[in-house]
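Based on the hints, put chain B in the right spot on chain A.
Sequence order for the protein chains is A and B. Every letter in the first sequence is one number past the one before it in the numbering used here, and letter 152, counting from 1, is 152. Every letter in the second sequence is one number past the one before it in the numbering used here, and letter 161, counting from 1, is 161.
Hints should not be assumed to be uniformly reliable.
Claimed, not checked - BS3-like, lysine-lysine: derived pairs with alpha carbons at most 30 Å apart: (1) Lys172(A) <-> Lys256(A); (2) Lys358(A) <-> Lys304(A); (3) Lys172(A) <-> Lys241(A); (4) Lys140(A) <-> Lys195(A); (5) Lys128(A) <-> Lys95(B); (6) Lys145(A) <-> Lys339(A); (7) Lys201(A) <-> Lys148(B); (8) Lys148(B) <-> Lys188(A); (9) Lys128(A) <-> Lys166(A); (10) Lys172(A) <-> Lys188(A); (11) Lys392(A) <-> Lys256(A); (12) Lys195(A) <-> Lys208(A); (13) Lys148(B) <-> Lys140(A); (14) Lys140(A) <-> Lys95(B); (15) Lys320(A) <-> Lys65(A); (16) Lys241(A) <-> Lys148(B); (17) Lys176(A) <-> Lys148(B); (18) Lys298(A) <-> Lys312(A); (19) Lys95(B) <-> Lys195(A); (20) Lys95(B) <-> Lys145(A); (21) Lys166(A) <-> Lys201(A); (22) Lys256(A) <-> Lys208(A); (23) Lys176(A) <-> Lys188(A); (24) Lys241(A) <-> Lys208(A); (25) Lys312(A) <-> Lys339(A); (26) Lys145(A) <-> Lys172(A); (27) Lys279(A) <-> Lys188(A); (28) Lys77(A) <-> Lys128(A); (29) Lys195(A) <-> Lys148(B); (30) Lys148(B) <-> Lys208(A); (31) Lys256(A) <-> Lys188(A); (32) Lys188(A) <-> Lys166(A); (33) Lys95(B) <-> Lys172(A); (34) Lys128(A) <-> Lys352(A); (35) Lys65(A) <-> Lys358(A); (36) Lys279(A) <-> Lys208(A).
As the list claims (entries may be wrong) - Coverage of chain A stretches by chain B, computed from C-beta distances (three or more under 8 Å per stretch; other residues unrestricted): (37) 66-73; (38) 87-98; (39) 174-185.
By construction, these hints were calculated from the structure, which means they are not laboratory data. Note that this is a predicted model, so its numbers are computed, not measured. Glycine included, each C-beta is placed from N, C-alpha and C at the ideal position.
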Amino acid sequence: MISRRRLLQTSAVSAAALAARGVPAWGANAPGVTATEIKIGQTMPYSGNASAYGTIGKVELAYFKMINEQGGINGRKINLISLDDGYSPPKTVELVRRLVEQEEVAFLFQTLGTPSNSAIHQYCNDEKVPQLFVATGAAKWNDPKGHPWTMGWQPNYQTEAKIYAKYILANKPNAKISILYQNDDFGKDYLIGLKAGLGDKFERMVVKEASYESTDPTVDSQIVTLQGSGADTHVTAAIPKYAAQAIRKIYDIGWKPTHFLTNVAISVGSVLQPAGLEKSQGIISADYRKDTSDPRWKDDAGYKQWLAFMQKNLPDADLKDNNYPYGMMCAMTMAQVLKQCGDDLSRENVMKQAASLKNLEMPMLLPGITINTSATDFAPIKQMQLQRFDGKSWELFGDVIGG
Amino acid sequence: MTSVSETAAAPGTRQIAGLSLTRWRAIGIVGFLAAACVLPFFLSNYHNLQLATVVIYAIALMGLNILTGFNGQISLGHGAFYAIGAYTTAILTTKFGVPYWATVPVAGVICLVVGFLIGLPALRLEGLYLALATFALALATPQLLKFKPLDPWTGGVQGVLLRRSASNPPWGLPLTRDQWLYFLCLAIAIPMFWAARNLIRGRTGRAIVAIRDHPVAAETMGVNIAIYKSAAFGVSALYTGVAGALGAVVVGFVAPESFPLFLSLSLLVGIVVGGLASISGAIFGAIFIEFVPNLSDELARSIPAIAQWLLGFTPSVAEQAATAAQWTIYGLVLIAFMYAMPTGVAGFIRLLWSRLARGFGEGG
Numbered sequence: 001m002i003s004r005r006r007l008l009q010t011s012a013v014s015a016a017a018l019a020a021r022g023v024p025a026w027g028a029n030a031p032g033v034t035a036t037e038i039k040i041g042q043t044m045p046y047s048g049n050a051s052a053y054g055t056i057g058k059v060e061l062a063y064f065k066m067i068n069e070q071g072g073i074n075g076r077k078i079n080l081i082s083l084d085d086g087y088s089p090p091k092t093v094e095l096v097r098r099l100v101e102q103e104e105v106a107f108l109f110q111t112l113g114t115p116s117n118s119a120i121h122q123y124c125n126d127e128k129v130p131q132l133f134v135a136t137g138a139a140k141w142n143d144p145k146g147h148p149w150t151m152g153w154q155p156n157y158q159t160e161a162k163i164y165a166k167y168i169l170a171n172k173p174n175a176k177i178s179i180l181y182q183n184d185d186f187g188k189d190y191l192i193g194l195k196a197g198l199g200d201k202f203e204r205m206v207v208k209e210a211s212y213e214s215t216d217p218t219v220d221s222q223i224v225t226l227q228g229s230g231a232d233t234h235v236t237a238a239i240p241k242y243a244a245q246a247i248r249k250i251y252d253i254g255w256k257p258t259h260f261l262t263n264v265a266i267s268v269g270s271v272l273q274p275a276g277l278e279k280s281q282g283i284i285s286a287d288y289r290k291d292t293s294d295p296r297w298k299d300d301a302g303y304k305q306w307l308a309f310m311q312k313n314l315p316d317a318d319l320k321d322n323n324y325p326y327g328m329m330c331a332m333t334m335a336q337v338l339k340q341c342g343d344d345l346s347r348e349n350v351m352k353q354a355a356s357l358k359n360l361e362m363p364m365l366l367p368g369i370t371i372n373t374s375a376t377d378f379a380p381i382k383q384m385q386l387q388r389f390d391g392k393s394w395e396l397f398g399d400v401i402g403g
Numbered sequence: 001m002t003s004v005s006e007t008a009a010a011p012g013t014r015q016i017a018g019l020s021l022t023r024w025r026a027i028g029i030v031g032f033l034a035a036a037c038v039l040p041f042f043l044s045n046y047h048n049l050q051l052a053t054v055v056i057y058a059i060a061l062m063g064l065n066i067l068t069g070f071n072g073q074i075s076l077g078h079g080a081f082y083a084i085g086a087y088t089t090a091i092l093t094t095k096f097g098v099p100y101w102a103t104v105p106v107a108g109v110i111c112l113v114v115g116f117l118i119g120l121p122a123l124r125l126e127g128l129y130l131a132l133a134t135f136a137l138a139l140a141t142p143q144l145l146k147f148k149p150l151d152p153w154t155g156g157v158q159g160v161l162l163r164r165s166a167s168n169p170p171w172g173l174p175l176t177r178d179q180w181l182y183f184l185c186l187a188i189a190i191p192m193f194w195a196a197r198n199l200i201r202g203r204t205g206r207a208i209v210a211i212r213d214h215p216v217a218a219e220t221m222g223v224n225i226a227i228y229k230s231a232a233f234g235v236s237a238l239y240t241g242v243a244g245a246l247g248a249v250v251v252g253f254v255a256p257e258s259f260p261l262f263l264s265l266s267l268l269v270g271i272v273v274g275g276l277a278s279i280s281g282a283i284f285g286a287i288f289i290e291f292v293p294n295l296s297d298e299l300a301r302s303i304p305a306i307a308q309w310l311l312g313f314t315p316s317v318a319e320q321a322a323t324a325a326q327w328t329i330y331g332l333v334l335i336a337f338m339y340a341m342p343t344g345v346a347g348f349i350r351l352l353w354s355r356l357a358r359g360f361g362e363g364g
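So here's chain A without its partners, still in its complex pose (with noise of 0.2 Å):
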């Protein structure tokens, strides 16, 4: 039974939000919810430069397929509309607009793609349309204040560098640090990420920075650079294929930095193993997932559970692709934050429920690494762990670290 007092709240809430917008928004159901049915959409790189995350829409439906085949949340079924955009921004505003005008979905879930999602970032919140879990690693869509209506998922690239100047400042105070990174938002965000770690000591830390371009031939030269100037702490914040140049470099020339290295370019199969396993040896870097190829986790439960779900809803997926995890892990914070709206699937609900999620866990997160999101941090994951490279695999040590 509803008390009195809760019901003279309830109506002051709404006369207050009827009044402060002008439309009666709170309690009516978004757009896209019928008592079957919630639609939502997003926007993938099905064709285009990177397709190669094609994979992540793929298992996201593949995931609320299954969600549906058991009866739904809370009765309702997700209706999630995966859209190609071949990562064009200009593509991705109109069918953004499709999904949100034409379709009528009730918010938009891991649209892919920093430029992407920059071109819709003030659409949704001009329309107050819920854009959740954005999938993008920069560090602008925890932005609570200035764009309520966006959420991002994974720890950014400023975080995770936050990360190693923690380490760095803890363990290795009078380290002189050298940066390589890419000339775009990508390696600049590392750039931010340290100085804000390392704050005032910054400038006196930092011996030497040198970039390089997506199409630059090699990086050794900047790599001789960097040695010249007597650092003897490297932080790595390069693609793949210059990750491994500058590894195999740094190892011939006989330069022994303490050497970290982004977490986007931690694969062995595609970087350590063409650098050199004996000459990547040391290294450190950080994770928050379970590496899909890293054999520790064969019998651990979460991943058994990852693995019993991409057999049963798809079983011809390259397993080695941690694209498979994310993606699985972010439809599960969706449902998680569905569930918590119960009934209440106003747009201003999803929004405040995925700002309430306390300490979830997911399978395929590193243990101790948790969700954890409030009205004032729009950033679910922002927790690490440092690893090493021991020669044949990474090896996790010390705590779990926040950014």
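This is chain B only, laid out in the frame that chain A set:
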């Protein structure tokens, strides 16, 4: 701008239902314009956005058609001019506070100059060699936009975000933002198409076409090939640049990824499908490149259901087939168009009309 070609033979001699072809064309133009003005009020905002995009593509295609269709110079790099136009608008509005409507002519002029300058060295390149050189231009564009010293203006990989509210309808017009932008694009497109038609029909146009058909003969007639070819390049770039500027306003965001090689190729597809060396062809081409990829996508989406029903595919395989199928279907539609209408949609309609006129002529 009508379904009737501008080069229909001997106006006045052939009649359909008692009216000359010229008269029919006039009726067609008026009808088309009336439809273009009334339609937005019956459509949703999303469809108005699509209509605006069609008008923008039509301007760009008109530009490319002047160069490739009428002058015979193949360009695979017009996406570069589109990008220059778009960035001009984005930078002027966000960094210098220029109102967006004022940036459109500036974008046109900048592209005119750049196009003319690129046209100069291109004079030495004929046919496929020019196609390759402009192809390189299209490839280089996204890279150049990321060029570090230009970062303060171009925003590098982050691109530039235009304020959406800046392009709201002015003077308290009872229009939505999308309707307003559509009418703005239309208001710019109509005089530009009119100018293109006059250009092509006049002395300059004859010189440009003569260069395409027989350069030696044209030169003998006293046509300055160098000037006309460069000018064609410049004017063509101007049109495409204006389209790019309007595109930036409508989309509200520019980034290097917005102007991939595929854009340049789409423009070429547009003029070939629409009809080379035809003014109305630009409109048909624009409709094609805006709607056919979307239709292919929707068709591809319905494949899993059909496949499951017909062939008993497992859903996961069928779903994977669907994501691959979109561009396969696009390709098939393209082939079908080229097979059925080798001279483009405009050429097909021209053929249809002349058959019709002949039929009526014989009957009456």
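Subject >> Hints the structure fails to honour >> reply: Per hint list: 9, 26, 33 and 37 violated.
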